[in-house]
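Enquirer: Residue 653 in the working numbering sits at position 115 of the sequence shown, and the numbers go up by one each step.
No lab work stands behind these hints, which were simulated from the structure alone. Hints are not guaranteed to be accurate.
Capping the alpha-carbon separation at 16 Å, the derived lysine to aspartate or glutamate pairs in EDC-like fashion look like this [to be verified]: (1) 572 <-> 600; (2) 602 <-> 581; (3) 636 <-> 682; (4) 661 <-> 581; (5) 575 <-> 682; (6) 664 <-> 581; (7) 667 <-> 581; (8) 698 <-> 554; (9) 636 <-> 581; (10) 687 <-> 554; (11) 579 <-> 600; (12) 568 <-> 600; (13) 579 <-> 682.
Each pair of labels, with its calculated beta carbon distance range [stated by the list, open to error]: (14) 675 <-> 655: 20 to 26 Å; (15) 587 <-> 632: 16 to 22 Å; (16) 696 <-> 571: 17 to 23 Å; (17) 599 <-> 556: 23 to 29 Å; (18) 664 <-> 600: 19 to 25 Å.
Glycine is no exception: its CB is placed at the ideal position from the N, C-alpha and C atoms.
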Amino acid sequence: MLSSVHLLWIQMKIKDWRMGWDEYELLSRKLCSKVRKSRFKPDFVICISRGGLVVGRLLSGDLKTPLAVVTAASYAGRKRKKLRVNLRFSALTTVKGKVLLVDDVADSGQTLKIVSARLRKNKRIKILKTATVVEKSFSAFKPDFVAAKYGGWVVFPYEKNGSKKA
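Let the sequences and hints guide you as you build the complete structure.
Expert: This is the structure:
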């Protein structure tokens, strides 16, 4: 496992952060620890597909909380495009109570801003908090829980060739 000091050194030395699975797991566990320490106990974890799927699954398992998925995409490779949001959940899922919305990165912040605004309109959701593995230094949206901050491009271990296009 990599230490926090090692991760900070990595972030300072490279422009594109090509995150490995060990780093990703360490940061996901750190994110879960921050949620636990805050004493926020979500009734649901909602992950933003596709980037938030892995961290959503990890947090859902660690927090012993049901997982729901929302779809939103604003990139084609590294090029920003119009944000598309699909807030339909599976037919068996009634999201309510305290909700933790998770994604891999708060980049521009637009995805989290739009999705959280739409979720806040749901009267069944009483408390909504947000969490990301990485927050970009210039993000317009500031998540409640963040594992790492970084200013450059982040390539997550599940991404092909440094883009979010699978």
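Enquirer: Does the Cβ-Cβ separation between residue 696 and residue 571 fall within 17 to 23 Å?
Expert: About 22 Å separates the Cβ atoms of residue 696 and residue 571, which means 17 to 23 Å holds.
Enquirer: Given the hint of 20 to 26 Å, check if residue 675 and residue 655 actually sit that far apart at their C-beta atoms.
Expert: At roughly 23 Å between Cβ atoms, residue 655 and residue 675 fall inside 20 to 26 Å, so the hint holds.
Enquirer: Need the status of pair residue 698, residue 554: alpha-carbon distance at most 16 Å?
Expert: Given pair residue 698, residue 554 holds - Cα atoms ~14 Å apart, limit 16 Å.
Enquirer: For residue 568 and residue 600, compute the direct alpha-carbon distance and say whether it is at most 16 Å.
Expert: 11 Å, holds
Enquirer: Straight-line Cα separation of residue 572 and residue 600 no greater than 16 Å?
Expert: 12 Å, holds
Enquirer: Decide if the proposed pair is consistent with the structure: residue 602 and residue 581, CA atoms, cutoff 16 Å inclusive.
Expert: Roughly 9 Å between the alpha carbons, so the hint for residue 602 and residue 581 holds.
Enquirer: Residue 667 and residue 581: Cα distance at most 16 Å?
Expert: 11 Å, holds
Enquirer: Given the hint that residue 636 pairs with residue 682, does the C-alpha gap stay at or below 16 Å?
Expert: 14 Å, holds
Enquirer: Check the hint pairing residue 579 with residue 600 against an upper bound of 16 Å on the C-alpha distance.
Expert: With Cα atoms ~11 Å apart, residue 579 and residue 600 stay inside 16 Å; holds.
Enquirer: Does the Cβ pair residue 599, residue 556 satisfy 23 to 29 Å?
Expert: About 25 Å separates the Cβ atoms of residue 599 and residue 556, which means 23 to 29 Å holds.
Enquirer: Against the 16 Å threshold, does the CA-CA distance of residue 579 and residue 682 hold or violate the hint?
Expert: Holds, because 14 Å separates the two Cα atoms, which is no more than 16 Å.
Enquirer: Residue 687 and residue 554: Cα distance at most 16 Å?
Expert: 13 Å, holds
Violated hints are absent here; each numbered hint is respected by the structure.
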